[in-house]
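Enquirer: Each chain, letter by letter, is given below.
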Amino acid sequence: MATATLKKESKEEKSHRWKELGLSNAKVIDLYRQMLLIRRFEERSAQEYGKSKIGGFCHLYIGQEAVGVGAIAALRDDDYIFSAYRDHGHALARGMDPKGIMAELFGKFTGCSKGMGGSMHMFDASRGFMGGYGIVGGHVPLASGTAFGSKYLGKDSVTVCFFGEAAANQGVFHETLNLAALWKLPVVFICENNRFGMGTAVERSTAVWDIYHKASAYDMTRQWIDGMDVLEMYRVVKQAVDRARKSNEPTMLEARTYRFRGHSMSDPIHGHYRTKEEVEEQKRSDPILVFGHELLEAGILAQKTIDEMELEIKRIVAESVEFAERSPEPPADFLYENVYV
Amino acid sequence: MAVVTYIEAITKGLWEEMERDSSVFLLGEDIGEYGGAFKATKGFLNHFGSDRVIDTVLAESAILGAATGAALVGMKPVAEIQFADFVTSGFNQLVNNSATMHYRWNIPVPMVVRLPSGAGIHGGPFHSRNPEAWFFHQPGLKLVAPSTPYDAKGLIKSAIRDPNPVLYFEHKRLYRHIKGEVPEDDYTVEIGKGDIKREGNDISVVTYGATVHQALEAAELLEKEDGVSVEVLDLRSLMPLDKDLILDSVRKTGKLLIAHEDNITGGIGGEVAALVAEFAFENLDAPIKRIGAIDTPTPYSPTLEEFFLPNKNKIVAALRALAAF
Ligand SMILES: Cc1ncc(C[n+]2csc(CCOP(=O)(O)OP(=O)(O)O)c2C)c(N)n1
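These protein sequence lines are chains X and Z, in that order.
Heads up, our numbering is the position in the first sequence plus 17, with the first residue counted as 1.
Heads up, our numbering is the position in the second sequence plus 183, with the first residue counted as 1.
The reader is advised that the hints may include incorrect statements.
[Claimed, not checked] Cross-link-like lysine to aspartate or glutamate pairs, in silico, EDC-like; alpha carbons within 16 Å at most:
#1 Z:Lys-195 with Z:Asp-368
#2 Z:Lys-380 with Z:Asp-431
#3 Z:Lys-380 with Z:Glu-406
#4 Z:Lys-222 with X:Glu-336
#5 Z:Lys-225 with Z:Asp-204
#6 Z:Lys-225 with X:Asp-284
[Said to hold, decoys possible] Only part of the chain Z face toward chain X is listed, based on derived beta-carbon distances under 10 Å:
#7 Asp-268
#8 Phe-269
#9 Ile-304
The set of hints was computed from the structure by calculation and includes no laboratory data.
In this text, a Cβ means the ideal position worked out from N, Cα and C, and glycines have one as well.
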């Protein structure tokens, strides 16, 4: 399996990478900022989980930020996004309010799902963020439904569906790819291959290690991307989304990435199924560090700006926690409120 | 006798059956190298090897279908569904294939499906289900739901030895919270037999799973504070139901409360109520009462989850209402 390694380009080439993509310096700095916000937000979530302020199950996106941020930056506001259960990062990248996300983690009434769902159930229809889902693979066909709807209604919205590489082993993944290819739907499937489905390495769970090849069974356009590189994510997803928008052609992308934390809060970072050395090695391609370095080198970002950004983000995250703390519990009779329309 | 936790009892039962019968094998997501999401099969891979402790692909329908197929040729698969909720992804295999093989072709399907179920751990809508009623409605499947370590070990052994597909509902909240004495020697708990966990004369509580413990606490309280004698009948086996034990208990007490964690409507309690109404109507001194989770999906908010689930206090209130008749 080809692994995600950063291309060694000359300084000059690098400084032009985003220009060629039509991205302004400000936009590129914003991508960096979004990744940093996700990282700090989740580090704080882990602390709050440790204090039992957050309960149940909590899965962090740390290490994979470039995938969600790069991909979602390539979308329009009227596009749709489906996430799986590792969904905090996608929700933040889509511009959802950190307060509503933290409050959801706290199970409060001000949470984006009113405290009824928790970590795996972030949702904001106003942003086309069609939710996180806790049944692995279960959400994939929904993306074909929204894509069908867009096409049928004559809108040019595109649907993007994120899922892990283990989810691609569910039958429903294959059912959906076939349907999307056959019906020519404006949908982009993005598999985040972080190499592990819980404690099972990708090599032990699928006969085809290059996940994007699975789409060849449906003659679907397919490609793998360095998921540790936010600009590569942006570039390739943008192409796929444009193609979907223009000609209703679905695409299957495999973003090669790595999860720096345990599968969930109860899973140690290394031990059972991967070594400390492996994790440390992977951390050398930390998407935030590497991209930050690139921007510093290119001279469009100064260390001082990064420091200020850190402070601002720290404040935003702290405010989200205060907000969640202060917020009311959902009232008991709310339980019945939304079971039926 | 050793005192072990509920999950240790399951582990011991599995281990002993694996030692006893080489056709028994385990399959499921993360059960080998990882030792299982709840660590029920920790150490099994090293001891029994990867031929018999199989880490599967994340695909419940493949797991359940493959288990059914292996059972057709005389293997005794024990499939772990990581959380009972995920059995939805393999529903067809169980209700159409596993359940009807013997009915259609007289071929036994000696398989077990372990289903970690239940709420109270803030798992939210997709990690808290008690899905037994879905399968209760499907002839051809047996269903068990132990509440104690003794029953947990005895029932996993019976389930593995049974020639039918057996769904084994193990409550996640009991895993490490409930301890009890478990014999070292080989024993089984017969499928289809309930158990009177506490004798009483005034009211019968028919219950199973985690709710048994709440019912026992409530019964204790009623005895002490109200002088009311409550009998607690643990079904243990949901399919087949121990109809005689239920009817005998109600004929003795004349009052029935049914309590389970699954939501009320369409739950197994409805069938128990119908049974008693049909065959012991003349013995009833009060209307049958039911307690279960509220008829909504499981909320994540810990506060709402508490409101949503049955608990000791709700059982006490229902018992007092019955006692007043
Ligand atoms: C249908 C179903 N089966 C099993 C699980 C338990 N489970 C949750 S996440 C996970 C691993 C998923 O891996 P992947 O899809 O690669 O996503 P990642 O964890 O890498 O983000 C498993 C086995 C589940 N939630 N749903």
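Enquirer: All hints, please: hold or fail.
Expert: Each hint tested on the structure:
Distance hint between Lys-195 of chain Z and Asp-368 of chain Z is fulfilled; the C-alpha atoms sit about 11 Å from each other, no more than 16 Å. At most 16 Å may separate the alpha-carbon atoms for a hinted pair to count; Lys-380 of chain Z and Asp-431 of chain Z meet this at roughly 15 Å. At roughly 15 Å between alpha-carbon atoms, Lys-380 of chain Z and Glu-406 of chain Z fall within 16 Å of each other, so this suggested pair holds. A hinted pair counts as satisfied when its Cα atoms are at most 16 Å apart, and Lys-222 of chain Z with Glu-336 of chain X does not qualify at roughly 38 Å.
Straight-line distance between C-alpha atoms of Lys-225 of chain Z and Asp-204 of chain Z comes to about 19 Å, which puts the hinted pair past the 16 Å bound. Of the supplied pair hints, the one linking Lys-225 of chain Z and Asp-284 of chain X holds, its CA atoms being roughly 14 Å apart against a limit of 16 Å. Annotation: Asp-268 of chain Z was flagged as interfacial toward chain X, and the flag holds, the nearest CB pair being 7 Å apart, inside 10 Å. A hinted interface residue such as Phe-269 of chain Z counts as satisfied when its beta carbon comes closer than 10 Å to some beta carbon of chain X; here the least separation is about 6 Å, so the hint holds.
Below 10 Å, beta-carbon pairs count as interface contacts, and Ile-304 of chain Z has one with chain X at about 7 Å; its hint therefore holds.
Checked against the numbered hints listed earlier, the structure breaks hints 4, 5; every other hint is satisfied.
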